[in-house]
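K.L.:
Which chain is which? The protein sequence lines are Y and B, in order.
Position in the first sequence counted from 1, then plus 2, gives you the numbering used here.
Position in the second sequence counted from 1, then plus 1, gives you the numbering used here.
Be aware that one or more of the hints could be misleading.
[Said to hold, decoys possible] Quick list of the computed label-pair ranges, beta carbon to beta carbon:
1. Y:Leu165 / B:Glu55: 32 to 40 Å
2. B:Asp185 / Y:Tyr5: 32 to 40 Å
3. B:Asp185 / Y:Asn86: 47 to 55 Å
4. Y:Tyr5 / B:Arg187: 22 to 30 Å
5. B:Ile208 / Y:Gly15: 53 to 61 Å
6. B:Phe123 / Y:Gly149: 29 to 37 Å
7. B:Glu55 / Y:Glu31: 53 to 61 Å
8. Y:Leu166 / B:Lys229: 27 to 35 Å
9. Y:Gln35 / B:Asn202: 21 to 29 Å
10. B:Glu234 / Y:Ala90: 48 to 56 Å
11. Y:Ala90 / B:Glu55: 52 to 60 Å
12. Y:Glu178 / B:Glu181: 45 to 53 Å
Since the hints were made in silico from the structure, they are not lab data.
Glycine included, each C-beta is placed from N, C-alpha and C at the ideal position.
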Amino acid sequence: MAYIQVLIAGFGGQGVLFAGKVLAHKGLEEEKQISWLPSYGPEMRGGTANCSVIISDTPVGSPIVSEPDILIVMNLPSFDKYENAVKAGGCAFVDSTLIERKAERTDISVHYIPATKMARDLGIPTLANMIMIGKVIRETGVVAMDGLRDALSKTVSAKHQDLLEANLKAIEAGYEYKD
Amino acid sequence: MAKVLMKGNEAIAEAAIRSGCRHYFGYPITPQTEIAAYMAKRMPKIGGTFLQAESEISAINMVYGVSSAGCRVMTSSSSPGVSLKQEGISYLAGCDLPALIVNVQRGGPGLGGIQPSQSDYFQATKGGGHGDYRLIVLAPASVQEMADLTAKAFDLADKYRMPAMLLADGTIGQMMEPVELPEDMRTTVYEKPWAVTGTENKREHNIVNSLYLVPEQLEKKNIERYEKYKTVEKNEVMYEEYMTDDADVCVVAFGIAARVSKNAITAARAKGIKAGLIRPITLWPFPKDVIARTAEHVKGFVSVELSMGQMIEDIRLAEGCKKPVTLCSRVGGMIPSPEEVLKAIEDMEGGAF
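Chain B on its own, in the form it takes in the complex:
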């Protein structure tokens, strides 16, 4: 299969189509507009729907409707737009509906800026909307992963009947890299007997709803849903380990921060410092076990993030406060340089933190 050069955002759109998604609803916002532009061009040619909604709130509720009918569906936006979608995401979770929500993050809070960021980690992994729920959150670090994890997100969403989020950033969205796209990116076709598709007088009505006025029923629903989340946590954790075997200092970073960290690790190794990287690919479920195992043999961890320190809390929980964890971060659209990450690695190695 020939590799082609694509922008990360375009790779998401093409992979979604090759994963059988035929319905896209969105509203333009930098730095993810290429997804909508690509869908606008392609969907009408393949009998799909591209619809630019009047707002992000409309778009997510269109997703809610199409998912209820059992079709693969997605929306995409960037940070401020994803905030607007939170109510709808909570409803999707409350109705056990699969869907893909893409967030190509930019600096915040508020309107913030348009340069890359990872400061929506809390919102994505801890529930940005109301109620007890989880999203499967996947964090691509290359254009190839933008495509592969889009396909994966659709599959996981269908498999577990829950919304999945692709949490990318402006850099990975805007950059081009060679990418290989299989013709059909679906691994499994999931039956959806729960979908509201018309009974044809042959079966009972299906009801998709998140309203439970009887507290006993609502409690039961919540508990059942958390049983499902336990299965996801058990089966679906994904991460990459890079030179962690003999590492004294372990960097934890995802997305663009992981790419920068790899340069820093190469530089650290050249100086004789044994540094390694754990790159979470699923942010929820978070790769707790590998971090706990690694805590046994490293001096400490460095969390490299484009936020004021969000993932660092999950690292500390995972390693059980056994080892020091420091933060190396830039925010507001800035990206730490490999030299800044190297400095944080050296400080941890030398015990100066």
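The shape of chain Y in the complex, shown without the other chains:
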């Protein structure tokens, strides 16, 4: 029985909470048990933000993820803070455009994705978060690629539905990226 705990962390404005929502909505479509918990401190654009997502076959206990199976980090302070928290045998996904150092842990698998640069090159500079999610789906299968459009359309607010295609493009770019 899978009980997958995901922690996503970065700067406010990078879409860390949104990335978590995409996983949560997709997990719900797959009839999994879900929890999504944002940090809600006095954050602002440029400050730190994180969110805990649990995708499980069994009921979710505490929604707080302190030992993630999957860590997604989009800035150096988050990597420094959470690298040691990852469960042994877990995975870390690192935006290597913004985080220059490599992992110190040797008991986890680490994927380096230049997501911020890729997003810029694709003309969708605000969607590095979705590139990260694409890679996470590829490497962990935490949710399936199939039917992602439906989940995404529920995550994107009604007034931003025009951004659906760009989000999908970013996820696909991450999914296809070979590190």
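For chain Y, the structure is supplied; the task is to place chain B on it using the hints.
P.N.:
Relative to the frame of chain Y, chain B by itself:
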């Protein structure tokens, strides 16, 4: 019915609307502002009232007015704001008026912080305002319960003509989980012949008032009200038992603390320690009987709270000081980890407390 992902705060607001509440008065404060934001968006579209009052004190007194007129009404806030509402809550109780007050708790005292807490337990269950009165206090531990207990709170408030409080915390308010919302969440429509709605010269005036200058009358009112409270205590206790049948150590926890405790109980069971959980869903009336029964067969209790130890007093009263009760708590916006709770369970199991 399809499940949707909602924040706990949004689930409260939507469930209130589906329970027939058309009047909301509030003032923004983290971590419950989503309730007000949701109401601001929805109420005007369904002919309801959303009003951002100039203060929490105004908001609770608007609740007082609308409830007197017999309509379902609510307000919501977080700890410091709920302190401001206490005078109005006492008046609601003194007038036997139904209403829903939501407290999505944050750390205190004073302005405190904005992270989750359960340190308003005393205020909610022992009467934060003046005079002899009780509130029905419901403690949700999931987003689904945020919705279901909102509906339940409105029903109980109407049924017993008394204010009810939903005592949540910042975590359950902010988190999203799948939730299922029936179209109509009202179980019963309660007649309110006491409401001040205009006599049309067809009946005597109804009076809603808490002022009784004749002590004999005021005493009688208080005694009658406590008879009603006895009925509530007899009929409305709600709790969840989790693996208590064979338990040697019984954790008692509500809200987010209960969620963390379940992880700890799973971990304890994996180590061969028979741990279980009693999760009060009504904090008042408190589930005394199940705790007394459980005291017969456990080594002791662990109270897991986000406070310096408030509910622990009710646990001790309920089990009659027969068994040891220890406290496992974090405060100020901190949440105990499952490991911390496990340690407290192990200490109780091993007699090291």
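K.L.:
Are the hints correct? Go through all of them and say.
P.N.:
Okay, the hints, checked on the actual structure:
1. Y:Leu165 / B:Glu55: 32 to 40 Å: The hinted range 32 to 40 Å holds for Leu165 (chain Y) and Glu55 (chain B), with Cβ atoms some 39 Å apart.
2. B:Asp185 / Y:Tyr5: 32 to 40 Å: Holds - the Cβ-Cβ distance for Asp185 (chain B) and Tyr5 (chain Y), about 35 Å, lies within 32 to 40 Å.
3. B:Asp185 / Y:Asn86: 47 to 55 Å: About 50 Å separates the Cβ atoms of Asp185 (chain B) and Asn86 (chain Y), which means 47 to 55 Å holds.
4. Y:Tyr5 / B:Arg187: 22 to 30 Å: violated (37 Å)
5. B:Ile208 / Y:Gly15: 53 to 61 Å: Check passed, 56 Å falls within 53 to 61 Å.
6. B:Phe123 / Y:Gly149: 29 to 37 Å: Between Phe123 (chain B) and Gly149 (chain Y), where Cβ atoms are some 49 Å apart, the hint is violated.
7. B:Glu55 / Y:Glu31: 53 to 61 Å: violated (44 Å)
8. Y:Leu166 / B:Lys229: 27 to 35 Å: violated (55 Å)
9. Y:Gln35 / B:Asn202: 21 to 29 Å: violated (59 Å)
10. B:Glu234 / Y:Ala90: 48 to 56 Å: holds (50 Å)
11. Y:Ala90 / B:Glu55: 52 to 60 Å: For Ala90 (chain Y) and Glu55 (chain B) the Cβ distance comes to about 55 Å; the hint holds.
12. Y:Glu178 / B:Glu181: 45 to 53 Å: violated (37 Å)
In this structure, the earlier hints numbered 4, 6, 7, 8, 9 and 12 are contradicted, and the remaining ones agree with it.
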